[in-house]
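Novice: Listed in order, the protein sequences are those of chains U, E and Z. The first sequence lines up with residues 1 to 318 when you count with this note's numbering. The second sequence lines up with residues 1 to 265 when you count with this note's numbering. The third sequence lines up with residues 1 to 259 when you count with this note's numbering.
No lab work stands behind these hints, which were simulated from the structure alone. Glycine included, each C-beta is placed from N, C-alpha and C at the ideal position. Check before you lean on any hint, since a few could be wrong.
[Stated by the list, open to error] A partial selection of chain Z residues facing chain U, derived with a Cβ cut-off under 7 Å: (1) Leu125; (2) Val130; (3) Met211; (4) Asn213; (5) Ser225; (6) Phe227.
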Amino acid sequence: MRGRWAIVAVLAMAAALPVRAETLKIAIPQKGAWDTSFSVYGDRQGFFKEQGIDLDITYTEGGATTETAVISGSVDVAVATGTLGILSAYTKNAPVRIISAESTGSADLYYYAKAGSGIKTLKDLKGGKTIGFSAPGSSSNLALLTLLKEQGVDAKPVPAGGMPPTFTQVMSGQLDAGWAAAPFGVLDIDQGKIVVIAHANDSKDVATETIRVNVANLNTLQQHRDLIVRFMKAYVKSYEWAYDNPKAIDYLAADNNLPRAAAEKTVKGFLTKEANDPYRFSGIQRVLDEALAAKRIPHAMKEDDVKGAFDIVWKPGQ
Amino acid sequence: MSKALSISSGSPGSNALAPKLPPGAAGLITLAALLALWQAADALGLVSPLIAPAPSDIAASFPALISDEGLLQRFVQTFFEALISAGLAVIVGTPIGWWLHAKRWAGRAYETWVASFAAAPLVLLYPLFLVFFGRNIGTIIVMSFLTALPSVILKTKEGLDSVRRVLIDVGRSLRMPPAKLFWKIMLPASVPTLCTGVRLALVYALISVVGIEFLINFGGLGELIDDLAERWEIPMMYGAISFVVLTSICFFFLTERIERWLMRG
Amino acid sequence: MVDARLAGPAAARSWSPVLPLRVATMLALLVIWEAVARSGLVFEGVVPSLVAIGGALADLLTSANFYWNLELTAIEVAVSLALGASAGIVVGLVLGARPFAGKAFEPYVHYLAPTPKIVFLPILLVLFGVGPGSKIAMGALSCFFPMVLSVASGVRQVDPVLLRVGRSFNLSILQTVRKIYLPALVAPIATGLRLGSGVAIIGCLLAEIKMSNRGLGFLVMQYYSQFRIPYMYAALLVAFIIAAGGNAVIARYLRLPGK
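One chain only, chain U, in its complex shape:
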């Protein structure tokens, strides 16, 4: 008799123990950027712990490194990776799946020139003036090419690297103009050191293209699908919270050493909730066309051809 109660007691104690959180390895590019930081903010608010998830964050420089991290299985989930890169990798049987959208349009991306240089708009770059983008195939590259084509400007795009080296090159005169993504440069704009000459979203095509997505490693999806579902629940909650709660702007300011006013201007002036809607996919065909032009996919493809790349594990209301 006593034995049976002992077993019940042990089981009761085990049930009462807090559920041990599962670790989820996540790669986050562009540390400190607003939209890549939703998971970070949500983690600080405990949304992921609520779902029994322990986030193990690796920050990457962006672009290919984030892709390599998730494709190699080094991380389970990568946020804010380029749609173009992921779809191209998918066509080569890379073990990744898109679990949600991350950015439609490039609301934070802009191009600038040094104040006093005489360059105030994109058209002032005509005649082969140089303008820097980050790396071939990146959103700063593709958006730039679209803008130049739409406005008929014969400027010379140059791969300049990340935002800080681009900034140095523009300020020291090695480049006539450069790229940046808010909140970088917001203070300098305020202080009149640089002038915005174009926004990526000036082009309607760019503004309606889902250029960044969140992805998961296929093995993790197959073996721990529930973990990814719970991740998405917490992610969506984090995204909603960031746009609704002013505390998120405090985080943005603190993480980037910015005065709060500049952080606020970034969020209100550059970014929008609709742009980061995790369930908004559009312009995928355009992404595929760009991939073909960049030789990233072997032949022309339609959206249908890549629908296997998408695995939306969870949607609100499910």
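Add chains E and Z to chain U, keeping to what the hints say.
Specialist: Just chains E and Z now, with coordinates in the frame of chain U:
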């Protein structure tokens, strides 16, 4: 060269296989066997093609590499960047090495600095060089020149230092003026070591050029490999990598031959 | 040129110009740097004043975060050296002691040695991922080659008399290695370690630059991307001192007497 005995307990200097197979062939056969194993592993699905595609796929990627990716133009670019950097290192480094040899106090003061400089991870400075010289060939050449410089300096000094006393004494006894002593005796006597210095300069220059091309994505073979990796064109990436290995082998082989020819003459 | 050794003990004890020369050169370089920094010739961020660098260095050396990053790089280098060097010693022994194997395979090692190892980095990154594994793999790959070549050549120079003595005592292979080869290989192994440690450090740092989330190379890239250039220089200075210093330490303490 002393003949070392094999540690097998067989008869001295013999090998069970020696009568049957020349060693060169054995090496090639082993290489072929490894490639066959690799091909099989891929065919059986044991290895992911994203990590190690089948050798046959890699070989098949070469035509596209040459026609679409400009493999040969990139090779020329990388090769000449390395050559120019090494050449500059020889031009600048030889007089410095001579100076360290000729002025005792300079040699004693600075030789260890040069040796330490050789071990320094100069490549870490590339972002700063990028900003100084811009995203162009200047950065690559300057950095590779600096990487190759220490070998030339040290080998020049070593070569001149180690000229046998007896040769110098002969020259002095013939009342040679110092300049003639240098050109007729010291320089020829140090040619082998100087050649090693030139060869090392080429090697270090090539390593540096490919490395920086890889890191800053600027033309040449280094960028090609990084680019193909980012595009997940794995068979072509392996193709490019093996081409770099081949280039390095040819480079090295050629410079060794030239060195041997110079030493004979 | 007067050879100091021939001049007698009195001359040898006299004032040596080495130290003052080095100090003077160092000071001159520092002055030039500071002049460039303050001249406004170069865009301000890129050549910061020595004061700024000094301040950043002090900050760095007193921050736990710095040591946390340094620790990982140190571990990566140590492990890659251990792996690469031991593999190099074993392979070097085989290639040196068995002439057939040597003639068959050593040319491949010889010609692969000067190949830029960075080309293998993409493969290693996919294989081993973002963590220390890929850095260790890169470092081990880099330091394997100098060790093999050094040991193989050292093995070939082992006195044949010693080997004959060993055979006459019927020593097993393991005993031959332990009692005859290894003691004779101290110098080549030391040379291999010296060369290897340099390239292992560079290999690990390169891999960190390309993709990492912790380590000295990671710190350097982070400061660069945040445009905190004085801190970047400070971290670079530490990296350089470790690389050059390590090399000098091994050179001095592993030098055999009489060489």
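Novice: Hint by hint, where does the structure go against what was stated? Just the numbers, ascending.
Specialist: none
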